[in-house]
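Participant: Just so you know, the sequences run in chain order L and C.
Residues in the first sequence are numbered consecutively from 1, following my numbering.
Residues in the second sequence are numbered consecutively from 1, following my numbering.
In case anyone wonders, no lab produced these hints; they're calculated from the structure.
Even glycine gets a Cβ: it sits at the ideal position worked out from N, Cα and C.
Be aware that a few hints might be false.
Said to hold, decoys possible - Listed below are the simulated DSS-like cross-link pairs for lysine-lysine, each with C-alpha atoms no more than 27 Å apart in a straight line: (1) C:Lys-243 / C:Lys-134; (2) C:Lys-220 / L:Lys-27; (3) C:Lys-288 / L:Lys-27; (4) L:Lys-27 / C:Lys-243; (5) C:Lys-220 / C:Lys-85.
What the hints assert, rightly or not - Just so you have them, the derived chain L footprint on chain C, three or more residues with Cβ under 8 Å: (6) 15-22; (7) 121-132.
Claimed, not checked - What follows is a set of in silico ranges between Cβ atoms, one per label pair, in the way DEER data are often shown: (8) L:Ile-74 / C:Ile-83: 39 to 47 Å; (9) L:Pro-123 / C:Tyr-231: 28 to 36 Å; (10) C:Leu-140 / L:Gln-148: 23 to 31 Å.
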Amino acid sequence: MNADATVKVATAKQTKKKKPASLDRKKARAGWWFVLPFVVVFIAVYIPIIFDSIRFSFHELEIQSSGGYDLIYIGLDNYTEALFVDSGYVTTLISGLKQLVLDIPAIVIFSLFMAIMLNDKMPGRTLFRAIFFIPVILSTGIIDSIDQSNSMMDYMGSTEGISTGAEGSQTTANEIISAMDIQKLFANMKVGQGLVEYVVGLVNDIYNIVNRSGVQMLIFLAGLQSINPAIYESCRIDGASAWETFWKITFPMISPMILVNTVYTVIDSFTSESNQVMSYIDNIYKSAANGQVLSSAMSWMYFLIVVIMIALVAGLLSMYIFYQRRD
Amino acid sequence: MDSPKVLKDNKRKIRVEFERTSLAERLKAKYLTTNFLVQVIWKIFRLLLLIGISYIIIFPFFVKIFGSFMSRDDLVDATVRLIPKYPTLDTYKYIIRENSYFTAFFNTFVLSTLCALVQTLICSIVGYGLAKFKFRGNKLVFMAVILTMIVPHDTVKLSMYMNFKFFDVFGIVGGISNLFNLEASSLDLINTYWPLFILSLGGIAFKNGLYIFMMRQFFKGVPDELEEAAYIDGENTFGTFVKIILPISVPMMITIFLFAFSWQWTDNFYTDLFFTQSGAILMPRIVKVPSSLSDDSFTAKTLYESCIKNTCGLLIILPLMLFYSYMQRYLIQGIERSGIVG
């Protein structure tokens, strides 16, 4: 009787131990079924595309009249041509990377600032939100490419300047503020010339920055929404000012989002029409002899440099990121 | 201050008498503090800033709308600034008539709806698989998703074109055509909807990595107990997904659909790549100057053509604007609920 009971307990224990394992395995198999569509197309279509793109960058391409194409292996020739023979690539690459480095903090800070504003309860919040996310939906693709060479906007902008009486300064009328004004403002503050120019450049580029920070704003908004209001309440009770609350609560809690947004901004800049490196490469693709494979080599180099840069920045940022432990 | 005095009127009613500070002093204490002042200044500043940036966002649309009604006389007239003196509908008329707007509209509508639906569904499924199942290789698959997100599509432009021009997965297509003694060793999918459809079907089309990422973060926030309850009731994993998980993720899926639809609608990279001049007319193709409006002798030619192109742009985004005005609350709700934070 007694022995029987122990046996029963033992089997129960065994089944107990075994069952979750088998359920897990079952679940694991189900997991594969769920990601199957992605995995199949990734292996069957995407890997060959990536592989071919790398392969093309080491070859010369000849399209046959009968259909099909021939590849002639030329080693690193495309790469050396891009770096040493092509006149514009290196300069465009350097200035493009510089632009990227300058744009990232501007976009991330701007979108964080705007997200904080749009998160506050106030009259008209829904309207403002709706307006702020218009560029995400509407100013992409075709519209973006039309906007890039838009003489109408310049014309209207400059006539506006004239109508406000600034007749002599037609060239700068399109700019919201001119460097001179700001320089006067900062003359006594001992801020470097470079910083002044950077700020002025940003303000004049505000349309571009607003257009490019829509998704980032959404991500920050989601992050802000997920902060427990009780933390803010206890802060207020303890007498913290809004400034302190921002730096001690909001900023640490939102810091993972800053990393996500930094990476997203870089990824997004690849597809943006205002990306000068990509438009240069695109130009090469369309016009230069053997430009199609040359452009592959160029964009792979660009991509690699940017990925290394992202990795460095992400590594650096992740040291300072605060992850809240849930539960 | 004296303690309040309680006067009894009758059994049910009491009156309390106490000294109140005067109204003026109460108001002073409430409103004449630095805290209140800072609050007011902040609110004004915030409102001004929001209005200013809203203006920056909306103003170009106004310029485009006004510009679209301008006739040639308006463009050479120096007194005309924003509001045209001689408004005309010719620009719209000729674009719609000569650039085959409605054909482009219909084709793009079919393509965008199809792609967006497939992408939303596939990204939900893949995101669910990545979020809720700890199978071996989960991390690897997720890395692959991130890879599709970060590789710029310009980089793979040529090979993408070649792969769909000579479409042949592992030589299967060639094998089949050999079997039937056909000449073609591969399929030419250019000028068909198939390339975009195949990419959508695998969740590797434009920005699909982002959608998968968003869905994954959303599903991570869904408590496991929901599914466990369904399992105990004898439902299998797929049934649980369809019957329990999908209904609660509708707001998030609407967000994804909104993104997918509008980005596909205005996309010119893939459509230019996969559709040549002889292919189906899609939205990017209507951005050109209609022949009856082009006039080389006109002095403000560049400006006029820019106006026309912007009008094309307006016509392209017009349906999206209507769509967005209905859907925008879902966009924000969906994002807020997703807790992308993870």
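Participant: The structure should be examined with respect to each hint, and the outcome stated for every one.
Facilitator: Going down the list of hints, with the structure as the test:
1. C:Lys-243 / C:Lys-134: holds, 21 Å
2. C:Lys-220 / L:Lys-27: Holds: Lys-220 of chain C and Lys-27 of chain L sit about 16 Å apart, inside 27 Å.
3. C:Lys-288 / L:Lys-27: violated, 54 Å
4. L:Lys-27 / C:Lys-243: holds, 17 Å
5. C:Lys-220 / C:Lys-85: violated, 58 Å
6. 15-22: violated (count 0)
7. 121-132: Our answer is that it holds, as 7 residues pass the Cβ test (under 8 Å) against chain L, meeting three.
8. L:Ile-74 / C:Ile-83: 39 to 47 Å: violated, 59 Å
9. L:Pro-123 / C:Tyr-231: 28 to 36 Å: violated, 47 Å
10. C:Leu-140 / L:Gln-148: 23 to 31 Å: violated, 38 Å
Going through the hint list in order, the structure does not satisfy hints 3, 5, 6, 8, 9 and 10.
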